[in-house]
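Novice: Add chain B to chain A, keeping to what the hints say.
Sequence order for the protein chains is A and B. Note that the working numbering has the first sequence beginning at 2, numbered continuously upward. Note that the working numbering has the second sequence beginning at 2, numbered continuously upward.
Worth flagging that the hints you see were computed from the coordinates, not collected in a lab. Please note that the accuracy of each hint is not assured.
One copy or two, either will do: identical chains are not told apart, so a pair holds if it fits within one copy or between any two.
Computed list of lysine-lysine pairs in DSS-like fashion (alpha-carbon distance at most 30 Å, straight line) [unchecked claim]: (1) 139 to 240; (2) 283 to 195; (3) 195 to 97; (4) 195 to 139; (5) 283 to 97; (6) 27 to 215; (7) 283 to 157; (8) 9 to 27; (9) 9 to 97.
Number of protein chains: 2
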Amino acid sequence: MAKLIDGKQIASDIREELRKNIDLWKAEGHRAPQLTAILIGDDPASGTYVKSKTERYGTEITEEQLLNRIYELNNDDAVDGILIQLPVPNHIDERKICNSVSCDKDVDGFNERNIGRLCLDMNTLIPCTPLGVQELIKRAGIETFGKNAVVVGRSKNVGMPIAMLLHADGRNDTCAMDATVTICHRFTPPEELKRFCRTADIIVTATGVPGLIKSDMVKEGATVIDVGITRITDAATGKAKLVGDVDFDEVRKIAGYITPVPGGVGPMTVAMLMKNTIIAAKNLAKKRNAQ
Amino acid sequence: MAKLIDGKQIASDIREELRKNIDLWKAEGHRAPQLTAILIGDDPASGTYVKSKTERYGTEITEEQLLNRIYELNNDDAVDGILIQLPVPNHIDERKICNSVSCDKDVDGFNERNIGRLCLDMNTLIPCTPLGVQELIKRAGIETFGKNAVVVGRSKNVGMPIAMLLHADGRNDTCAMDATVTICHRFTPPEELKRFCRTADIIVTATGVPGLIKSDMVKEGATVIDVGITRITDAATGKAKLVGDVDFDEVRKIAGYITPVPGGVGPMTVAMLMKNTIIAAKNLAKKRNAQ
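Only chain A is shown next, with the shape it has when bound in the complex (with noise of 0.2 Å):
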């Protein structure tokens, strides 16, 4: 039987880590981390533990309106980091609203310039979910230097980035994870996919696809790390509930370690985000005395 990998403890561990870090920042004389974040429409915000403030606007923003706000925010140095709740409605440019966040503020990590410093293992802000994955591979000891990772899922801000901070180095500034990695996708033939899955000492599955990941799928105490969240209505109770990419119950018995959904990679997201408004008002504030 799979041992849990509780995401929901790791990421309790490290608020408590990241809490203490801005203690110790702010008896050096520093204000509180300061993270604005931007929803649209009626999106239930997300707790985030970091001294936030959630500013709401109505689907009937416009594109010029939120531009100027995030320019304003950009400006703004009492604000550290800048999240802008995705997707935006229709009538606005996804990637246009992404880019104008100032690179410095980006603690979704979703600036193209970001995205390409990311690719090329520099320093930067990395999206808060693929960093999640990659702290709870670390913190949970699984060994990933030359092993074989199957990523299933090529979306741009969770399949991909998990894929590159599984396969590139080490020794750079993402302290990346040195594995061998397959990237499966939609156009992955099934049989193919499982094979993939089978020759794995690490599968992380990203998909939003419910029970894609079968036992029969998993090696042998393998890695399971579950991205995927969708919400169901269960059979039995008639109530909804939230599930994941993979076959739960009959991969555990199977598998070495497996995240649960909910409990698993969401917590680190949440608290990927509050370190990321940490590094945010450090390097903002080095900045700042610098000039």
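Specialist: Frame of chain A; chain B shown alone:
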């Protein structure tokens, strides 16, 4: 016996198409696309077949002097493409130099923002060698959709962008190839490299390790693209010669398609530099007209 992918011939065809393209462009009243190449030290320049100007500097040039010259070229409307021959001397920060080239004139595609755009499947100037590999695969009529590809080598200017172009979504701006991609590198155990290669429909190798890819690592009928170029001394003749990563004489007996070294990917890189310069010239003209 494998069919030879004649990079020299394909590149020559492409250059002919591009020349016609330039003639049409000039017939519309535009000047010829203009590339400026900066060479530092004694490296011989490679012929580029675009109207190009080569500026040579001694290795004593300072970073500031080089940055100033790039700044001038960025602002010179008579220049469409800027190429900095890499590597630069040790006292110059290569990343800073690559980032100083205007994204619009970055025909090498090494500005971190252009790398980000490539990794996001966005319309951008793509590094010449990866673009040449993509073009070679397409023009040779090799099917990639849902196929297994292995990229050997994870360098940021060759292996990584090729993996990106091979695995990503063909419906996006980079016209990527929708293959399942495994990235192998120096820390992939030899027996695993062999196993991945043996099940690959396409192998692209870019390591600079002569003879790395042997015939017992290749599936019958597979496509083998050799990006490696290493200068060795021929044991028989005592003369210098260029070899790739592939044990060509043996692998060609097994593979379905194979590129020679020299005369495979090399000529494509040069043709893609011409292509990128034309793309840059047209985009810049459009931008100037829009002002």
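Novice: Confirm or reject each hint.
Specialist: Quick rundown of the hints versus the structure:
Neither within a single protomer nor between protomers do residue 139 and residue 240 lie at most 30 Å apart by alpha-carbon distance, with minima of 35 Å and 50 Å respectively. For a Cα distance limit of 30 Å, the shortest separation of residue 283 from residue 195 qualifies neither inside one copy, at 44 Å, nor across copies, at 46 Å. Taking the closest pair of Cα atoms, residue 195 and residue 97 never come within 30 Å of each other, the shortest separation being 38 Å inside a single copy and 43 Å across copies. Taking the shortest alpha-carbon separations for residue 195 and residue 139, both the intra-copy value of 25 Å and the inter-copy value of 28 Å come in at or below 30 Å.
Taking the shortest Cα distances, residue 283 and residue 97 sit within 30 Å of each other both inside one copy (26 Å) and across copies (22 Å). Taking CA atoms no more than 30 Å apart as the test, residue 27 paired with residue 215 passes in neither setting, with 48 Å inside one copy and 59 Å between copies. In this assembly of identical chains, residue 283 and residue 157 lie within 30 Å of each other by CA distance both inside one copy and across copies; the values are 27 Å within and 28 Å between. For the identical chains of this complex, residue 9 and residue 27 are intra-copy neighbours only, at 26 Å inside a copy versus 63 Å across copies, given an alpha-carbon limit of 30 Å.
In this assembly of identical chains, residue 9 and residue 97 lie within 30 Å of each other by CA distance neither inside one copy nor across copies; the values are 34 Å within and 40 Å between.
When held up to the earlier numbered hints, the structure conflicts with 1, 2, 3, 6, 9 and fits the remainder.
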